[in-house]
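Peer 1: Protein chains in written order, with our numbering: chain V, 1 to 125; chain Y, 126 to 463.
Just so you know, the hints here were simulated from the structure itself, not pulled from any lab data. Any given hint could turn out to be false.
The list that follows gives simulated cross-link-like pairs (lysine to any residue, SDA-like), each with its CA atoms no further than 25 Å apart [claimed, not checked]: (1) V/K4 - V/S24; (2) V/K86 - Y/T162; (3) V/K54 - Y/D347; (4) V/K75 - Y/I192.
Note that the coordinates shown come from a computational prediction; the quantities given were computed from them, not determined experimentally.
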Amino acid sequence: MERKLITKNDILLIVAIVLIIVISFVFKNISNENLTAEIYFDGKITDTVNLSAKEEKKIVTGENGKTIIEAKDGKIYFSSSCCKDKVCVRSGELEKNGDFASCLPEKVIVKVIGEKKEQIDAIVY
Amino acid sequence: MKKNKMIIAVVAVVAAALIITAVVCDSFFSQKEYEDTGFAMGAVIAQKIKAENPEEVAKEIINKIRITENRISWRIEKSEIAKLNKNKNAEISDETKKYLSDTIDVCKKSNGAVDLTVGNLTNAWNIGSENFRIPQKNELEAIIENVDWQKVKTENNFVTIGDNQSIDLGFVGKGIACDEAKAILQKHQAKQGVISVGGSLCLFGNGTFDIGIRNPHGNVNDYMAVLSLEECFVSTSGNYERFSEKGGKKYHHILSTYTGYPVENNLLSVTVVCSSGLLSDALSTACYCLGFEKSLELLEEYNAEAVFIFDDNTVKVTENLKEKIEIKNNEFELWKEN
Numbered sequence: 001m002e003r004k005l006i007t008k009n010d011i012l013l014i015v016a017i018v019l020i021i022v023i024s025f026v027f028k029n030i031s032n033e034n035l036t037a038e039i040y041f042d043g044k045i046t047d048t049v050n051l052s053a054k055e056e057k058k059i060v061t062g063e064n065g066k067t068i069i070e071a072k073d074g075k076i077y078f079s080s081s082c083c084k085d086k087v088c089v090r091s092g093e094l095e096k097n098g099d100f101a102s103c104l105p106e107k108v109i110v111k112v113i114g115e116k117k118e119q120i121d122a123i124v125y
Numbered sequence: 126m127k128k129n130k131m132i133i134a135v136v137a138v139v140a141a142a143l144i145i146t147a148v149v150c151d152s153f154f155s156q157k158e159y160e161d162t163g164f165a166m167g168a169v170i171a172q173k174i175k176a177e178n179p180e181e182v183a184k185e186i187i188n189k190i191r192i193t194e195n196r197i198s199w200r201i202e203k204s205e206i207a208k209l210n211k212n213k214n215a216e217i218s219d220e221t222k223k224y225l226s227d228t229i230d231v232c233k234k235s236n237g238a239v240d241l242t243v244g245n246l247t248n249a250w251n252i253g254s255e256n257f258r259i260p261q262k263n264e265l266e267a268i269i270e271n272v273d274w275q276k277v278k279t280e281n282n283f284v285t286i287g288d289n290q291s292i293d294l295g296f297v298g299k300g301i302a303c304d305e306a307k308a309i310l311q312k313h314q315a316k317q318g319v320i321s322v323g324g325s326l327c328l329f330g331n332g333t334f335d336i337g338i339r340n341p342h343g344n345v346n347d348y349m350a351v352l353s354l355e356e357c358f359v360s361t362s363g364n365y366e367r368f369s370e371k372g373g374k375k376y377h378h379i380l381s382t383y384t385g386y387p388v389e390n391n392l393l394s395v396t397v398v399c400s401s402g403l404l405s406d407a408l409s410t411a412c413y414c415l416g417f418e419k420s421l422e423l424l425e426e427y428n429a430e431a432v433f434i435f436d437d438n439t440v441k442v443t444e445n446l447k448e449k450i451e452i453k454n455n456e457f458e459l460w461k462e463n
């Protein structure tokens, strides 16, 4: 009996390999988002919040200790600050990789980081 | 047949090799770059660096920016510029001298649309600070009479300015910091760097960078278009950046050297792309003041490109950026020539 060029087992093997590749790519790009918010005071990291796990947290920080950052439902935002300009509060909710807000007078920065590649390299403003 | 099995074996080995290469390449390309955020020049300095020693490079960059700030900020009492403003003359360092002469060149070519002797005007308004006030018309008239870059005289490292003048390098400071960042990235032979000094960018290294242009109506993370750029400097001037409000009216921080009041035209922002940080910063302010038509010649002079966003949400782009911009927010529309 002449042996077939490709046996059933070979097909199975190829299918398995293709599946592994596809699944690993999908897994890497979708489920590994893992969004974390980092809170910096005066250039140093002082707090982190797990946004993917929808961690709820209220952080009080800043030069005068009156800057309040709140996290809930996977979003984080400056809810109030004693600064004059309120640029930080106007920055709104941060929720995606690369999002960023700062309170310059109070030296506070909030940054969202994730494992997925950011859509852009930077914003010019 | 043995031969067929051989073919399958070869195919399998090649496939495996390809998979391994793909995985290795993928992890290579997604290699985490070093990120750092800090404060200097009254702004957030955000750095993304790929290099052998990225942490060291980032540290050197922020230190250098702070040194420069201590030289050229009029707000810092012991700075060279503060001394110059106080005594109307001062001995300055070679670096400050270079910044001054490059800045004066833009003042000249823009017909004084931007002017480094704008210090007293900035101070009269204090826009964006708690000391904001609306100066009287005659007060402003008296001030702008003395806003004149031609009165700044340099001899070797000795500078003099007019008796009623003071220097404010606010419209070039962040750009200068970007230039310094590039020099340090180069010195360390970094692979790539994206340095943001309060929103002015230094893009360094091979490849293209996708840069979002901030939506003038949105918050700080909201961009309305993406520019695909190679190594360069990018800077934006917009009326949303810094402003004060009084009596329901907004006063933004870009002051006209001709009227003394915040520039009033149909622009929301101007983004300039060119090969120098100082120039990208100065030109974005100058173009905002000059408006679209009058800016074109100035941009050409410096081989710079720009994106103008108007208050009716149309977007005008200079020739070489037309292929590089993609509007991401359908409230905005790229202006098409008929």
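Peer 1: Confirm or reject each hint.
Peer 2: Evaluated hints:
A hinted pair counts as satisfied when its Cα atoms are at most 25 Å apart, and V/K4 with V/S24 does not qualify at roughly 31 Å. Pair hint V/K86 plus Y/T162 holds up; C-alpha atoms about 20 Å apart against a cutoff of 25 Å. About 22 Å separates the Cα atoms of V/K54 and Y/D347, which keeps this hinted pair within 25 Å; it holds. For a cut-off of 25 Å, the pair hint linking V/K75 to Y/I192 is broken: about 37 Å separates their Cα positions.
Hints 1, 4, counting from the list given before, are not met by this structure.
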